[in-house]
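Asker: Here is how the chains run, residue by residue.
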Amino acid sequence: MSQSETNNPQRLMKVFSQSLAISESQINDDLEYNSIQQWDSTAHMALVAQLEAEFNIMLDIDDIIDMSSVGKCKEILKKYNVEF
Amino acid sequence: MLNFKLDQSLQLGGKKAIITGASQGIGAAMAKAFARAGVNLVLIARTEAKLQELVQELQLIYDRELQQNGEKEPDDYTSKLSFFAVDLTDEGAVKKIFSDIATLGGVDILINNAGKMTPKPLAFIKSEDIQSQFEINTFAVIRCCQYASRLMIRNGGGSIINISSMLGEYGQQGQSIYSASKAAVSGLTRSLAQELASYQIRVNSIAPGIINTPLISTLSNAEKEQILARIALQRLGKPEEVANTCLFLASDWSSYITGQVIDVDGGVHF
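Note that the protein sequences, when read in sequence, are chains A and B.
With the working numbering applied, the first sequence covers 994 to 1077.
With the working numbering applied, the second sequence covers 88 to 357.
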């Protein structure tokens, strides 16, 4: 596993924390879209923008719609060669 | 044409704008106006040869601008000017363009100008006529807004300008599908303005009237005369007059304007 891959979980944590304005302690694979007030459709778009910037990718619309939890987000990012 | 001082006071220099349907007519006029204002451009159109012709004209404009600022001409224009010859109905190609733009630092201004007009009476409209006009006039606009807005969020905001049409506001005999596809753009504009405001992205639309462009050649003389009779200024509009409105909406001069459809039609009355 490369150095950047080792850092990917931390980078993802930072993106979620900043775009949803929540503490890192609140973030785990089971955290779901719309399960907390901060992860609404507005924040989801900011999250997508930050994910794309952080990992230098452009997500498909279907993947944006499917990104229903942190765990699911990791699965989707693997399709874009972002390993965890 | 705006004078040099006015172009500079728009404070758009160094911003990056995407213009679709850029190779001719209103799109080309916009590209020239934005180049004079020092904006870095990404031009999109179907025909590469026409884009290359325009790019040569734009390089001269950039050179003139730099000379007036006492700066040296660049060795190449890749940071100021790039173009993509693609069909905007090709979803994969659109995504690829925006991926490339992301690596170039994103975008501040999106002008959805590409359009298609196929006038036909209702009885003669085929499914493909509906599909082809909505694909470019409406669906491609939505896709470009989706991708561009994500890049604008990264940069802390931006301005989206959708080129609608007078026909989308008032309608016209034989133009039902074109009118419907452009009316959809007005609805899209008003809704996206609400949805994207929190990201500091303004979304506005320009509804040009009869502008002297190649697209107008598809109208019959009878249709043109019928419309001219209803224009208060009694003349066709110039592409530059739409481009100037576009500059205004792209700049901070319009910083408190969003969700508006601005008619640039010489005072059409029905």
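Quick caveat, the hints were computed from the structure, so don't treat them as lab data.
Ideal placement from N, C-alpha and C gives every residue a C-beta, glycine not left out.
Each hint should be verified, as a subset may be incorrect.
[As the list claims (entries may be wrong)] Here are some, though not all, of the chain B residues that point toward chain A, as calculated from beta-carbon distances under 7 Å:
(1) Lys167
(2) Arg237
(3) Ile240
[Unchecked claim] On the chain B side, residues computed to face chain A include the following (Cβ under 8 Å):
(4) Arg241
(5) Gln281
(6) Ser285
Asker: Which constraints among the numbered hints does this structure fail? Numbers only, ascending.
Answerer: 1, 5
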